[in-house]
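Here is how the chains run, residue by residue.
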Amino acid sequence: MTDVPDDAALRARLQASDPAASLPVADPARTARLLEDVMSTELTTESRESGTRGRSPLTWLVAAAAVLIIAGIGVFAAVGHDSGSGGAPTAGDQPSGSADTVTELAMPSGAIKGRCPVPTSELLSSQTVAFDATVVSVDAGVTTLEPTRWYAGEPTDLVRVQSPPESLKYAVGAVDFRDGRRYLVSATGGRLSVCGFTGPYSPDLAALYQRAFGD
Amino acid sequence: MSAPVESRRDHFEEVAPSLIEPLRRFLARRTDPATAEDVLAETLLVCWRRVDDLPEQPLPWAYGVARNCLRNAERSVRREQRLTARIATVDPPPVSTPATDASTDDAADDELAIALASLRPEDAELLRLWAWEQLTPADIATVLGVTANAASIRLHRARQRLRSRLRKSEAGSGHEGSRERRQP
Chain A
1149 MTDVPDDAAL RARLQASDPA ASLPVADPAR TARLLEDVMS TELTTESRES
1199 GTRGRSPLTW LVAAAAVLII AGIGVFAAVG HDSGSGGAPT AGDQPSGSAD
1249 TVTELAMPSG AIKGRCPVPT SELLSSQTVA FDATVVSVDA GVTTLEPTRW
1299 YAGEPTDLVR VQSPPESLKY AVGAVDFRDG RRYLVSATGG RLSVCGFTGP
1349 YSPDLAALYQ RAFGD
Chain B
64 MSAPVESRRD HFEEVAPSLI EPLRRFLARR TDPATAEDVL AETLLVCWRR
114 VDDLPEQPLP WAYGVARNCL RNAERSVRRE QRLTARIATV DPPPVSTPAT
164 DASTDDAADD ELAIALASLR PEDAELLRLW AWEQLTPADI ATVLGVTANA
214 ASIRLHRARQ RLRSRLRKSE AGSGHEGSRE RRQP
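Which chain is which? The protein sequence lines are A and B, in order.
Counting in the working numbering, the first sequence runs from 1149 upward without gaps.
Counting in the working numbering, the second sequence runs from 64 upward without gaps.
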């Protein structure tokens, strides 16, 4: 439109301060591994056909965003979800207005200092709660997940994992919930099972869940 | 049903390698290294799942995906560490500072950084997409999900605003004038 030389100069000046200018090229081996990881993700149990019923990850991102907004504004009541139909929601600290059913879980209480049994499908199948979920928020002491699939337990719209401050370091280190990422989570007696039973979604872990709760 | 697994794989393997470097850079410019790594994987996962939807020119589309993933990833960061996030925006993460040690002083265009940071975030992002990702207004439109016409107009205005900020800061500090005349 106007002043093309000015535009060129401005663009060049911006480019001169490009923070990625010095970024080294990625290690090809790492790139190959990353691609392989990505491509192996969907080829396992949780396919679009079986698990997420054709919904794309973007849908989940949008859903996650929606949940946050809704939780914030508290106008979800109109959608017509019936909290009475849910499992064991203990919506004690949930402000009024939200009709999401919630499963409350806690981190293990320091008992994971000892030995970890090797995760097997037998041990896993004894868990009372198991699900595949995406973290929609990580706040101080509370991680909220939105389950996409329930392997065991009464399905609810959301799951909140409480972690008391003193155990935060260790427990969150053991599981390391991060916003927007997908996890396979299991619990017994209201407490998260760590030691490899709960972790970021991976084909191996998904296969273990599939064996334990196979459908 | 989507295409058979093998053909999806072939398609993805053909397209994805060319997306990785630009996406890494896109993310390195906008977030810390750890988040960049996470969001890169997330973005590629979306591309893999939607490989049948990939447009002829997949990069601007992939930038759009990365942008969404990044926003999602940073929502909690912003909530918990508003200040840190702000600093990270103004002051890019250490890994992405210019490597040329000899010319570090020269390369750090503080006036530009301040002027850019003083713009509305949408304007600054348009300028980054234009200058750093070197996208055309049509491609910027794909990234942002707006019409090409809107992107073109907004980009034009964003450039004007940036120029005006730079002029003001030049006027405010005359001794810096020599740098302004520097031809890159």
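Just so you know, the hints here were simulated from the structure itself, not pulled from any lab data.
The structure presented is a predicted model; accordingly, all values stated were derived computationally and were not measured.
C-beta atoms are modelled at their ideal positions from N, C-alpha and C, and glycine is treated no differently.
Check before you lean on any hint, since a few could be wrong.
Unchecked claim - Below, a sample of chain B positions facing chain A; criterion: calculated Cβ distance under 8 Å: (1) 92; (2) 111; (3) 124; (4) 172; (5) 187.
| Hint by hint, which ones does this structure get wrong, listed from lowest number up? | 3, 5
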